[in-house]
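K.L.:
From just these sequences and the hints, can you work out the full model?
Chains as they are written, first to last, in the numbering used here: chain Z, 63 to 238; chain V, 6 to 128.
Derived from the structure by calculation, the hints contain no laboratory data.
Keep in mind the model is a prediction, meaning the values are calculated, not measured.
Glycine included, each C-beta is placed from N, C-alpha and C at the ideal position.
Hints are supplied without guarantee of correctness; some may be wrong.
As the list claims (entries may be wrong) - Residues from chain Z shown here face chain V by an in silico Cβ test under 7 Å; the list is partial:
| id | residue |
| --- | --- |
| 1 | L78 |
| 2 | S116 |
| 3 | E173 |
Said to hold, decoys possible - Just a sample of chain Z residues kept apart from chain V, beta carbon distances all over 12 Å, derived:
| id | residue |
| --- | --- |
| 4 | R100 |
| 5 | R128 |
| 6 | S212 |
| 7 | T215 |
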Amino acid sequence: MRDREPAIADDARPLLHELAAFHPQSWGWALHCCGRRRDEAQDVLQEAYCRAASRAGAFAGGSSLRTWFFGIVRRTALEAHRRGARTARWSDRDGDAVRQEPGRDLERDEERSRLQRCLARIAPRQREVLHLVFYQELTVEQAATVMGVSPGTARQHYHRGKQALRRLLTAEGAQP
Amino acid sequence: MTDRDDDALIAEAFARQRAHDASDPPPAAAMLGRAVAAARRRRRRAAIAGAALAAAAAALVAIVVARRAPEPSPGLGAVHRLCDDLERRFARQRETDPWRFAAASDAWSLDGRSYGSPSGPTQ
Chain Z
63 MRDREPAIAD DARPLLHELA AFHPQSWGWA LHCCGRRRDE AQDVLQEAYC
113 RAASRAGAFA GGSSLRTWFF GIVRRTALEA HRRGARTARW SDRDGDAVRQ
163 EPGRDLERDE ERSRLQRCLA RIAPRQREVL HLVFYQELTV EQAATVMGVS
213 PGTARQHYHR GKQALRRLLT AEGAQP
Chain V
6 MTDRDDDALI AEAFARQRAH DASDPPPAAA MLGRAVAAAR RRRRRAAIAG
56 AALAAAAAAL VAIVVARRAP EPSPGLGAVH RLCDDLERRF ARQRETDPWR
106 FAAASDAWSL DGRSYGSPSG PTQ
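P.N.:
See below:
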């Protein structure tokens with residue numbers, strides 16, 4: 063039994079090595095999927111890494127490693143939400159978290175807070191596709207793969223979300 | 006405002022968010038190390054569970070096969086063999102410890118054959 067252990071670890075290690083290359087992006091995606099709750103995002107990302115390591119052989123290479131892994135993070139976060147570990151609303155915690163960070167540039171904090179407030183007011187699917195395209199710099203087709211929807215559906219969410227977010231950002235910017 | 010302006014506005018807002026998030030992500034090495042250890046544990050547990058399942062299945066199959074197979078009847082021959090064996094053992098004991106065997110009490114017969122006749126010395 064012990065003889066087989068190094069082989070098992072070696073199986074997952076190259077994959078995890080590749081995942082480490084885009085760890086900051088995965089962290090951003092986990093934060094988004096968990097409504098920007100840091101503790102929950104950390105748990106979700108850790109569990110997603112464990113799942114990826116356990117299913118190292120399942121990655122066939124058909125899609126990119128990033129979209130495959132983002133799909134795992136998304137499903138893990140959804141399961142965590144279903145378990146009802148956290149019930150706080152998407153927008154409330156984030157606003158507080160951004161405001162309470164000490165020693166940050168207040169103006170930039172306010173801009174980020176503004177984005178989060180606006181994102182909280184659009185549909186979850188629209189929010190998701192906008193994050194994947196603008197934050198993660200994926201194509202709409204890759205975003206569709208992560209979200210598990212057709213490219214046409216993702217494109218529709220993308221255009222509607224963009225219009226809604228632009229309207230909200232402009233309106234927030236116009237306010238004193 | 007053109008579509009390109011929309012994109013620029015939104016992209017700028019997300020870029021700020023990305024820069025902020027990238028400033029303090031949790032340590033990748035620790036998380037990935039834990040993931041490797043967890044994967045190893047999961048596989049080991051799965052292997053143990055698989056072996057236990059295989060053993061249980063084998064035992065179940067053995068029980069089913071044993072129940073289905075016709076039980077051989079011992080027959081009178083087997084009883085005679087058993088008695089012969091007992092006779093040999095008694096004879097050996099009579100040689101080593103003759104005082105324990107009384108002449109009459111050792112004899113018995115089965116199916117016309119006699120056993121336990123007092124051939125050993127008695128006093």
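K.L.:
Hint by hint, say whether it matches the structure.
P.N.:
So, going through the hints one by one against the coordinates:
Restraint check, L78 of chain Z versus chain V: the minimum CB separation of about 5 Å is within 7 Å; hint holds. Interface restraint check for S116 of chain Z: the shortest CB-CB distance to chain V comes to about 5 Å, inside 7 Å, so the restraint holds. At its closest, the beta carbon of E173 of chain Z sits 6 Å from a beta carbon of chain V; the interface hint therefore holds under the 7 Å criterion. Once the 12 Å rule is applied to beta carbons, R100 of chain Z is inconsistent with being away from chain V; the minimum gap is 9 Å.
Separation of R128 of chain Z from chain V is adequate, the least Cβ-Cβ distance of about 15 Å exceeding the 12 Å criterion. At the 12 Å boundary, the C-beta of S212 of chain Z stays outside the reach of chain V, the nearest C-beta of that chain being 23 Å off. With a cut of 12 Å on Cβ distances, T215 of chain Z stays outside the contact zone with chain V, its closest approach being about 20 Å.
Comparing the model with each earlier hint shows a violation of hint 4 alone; every other hint is respected.
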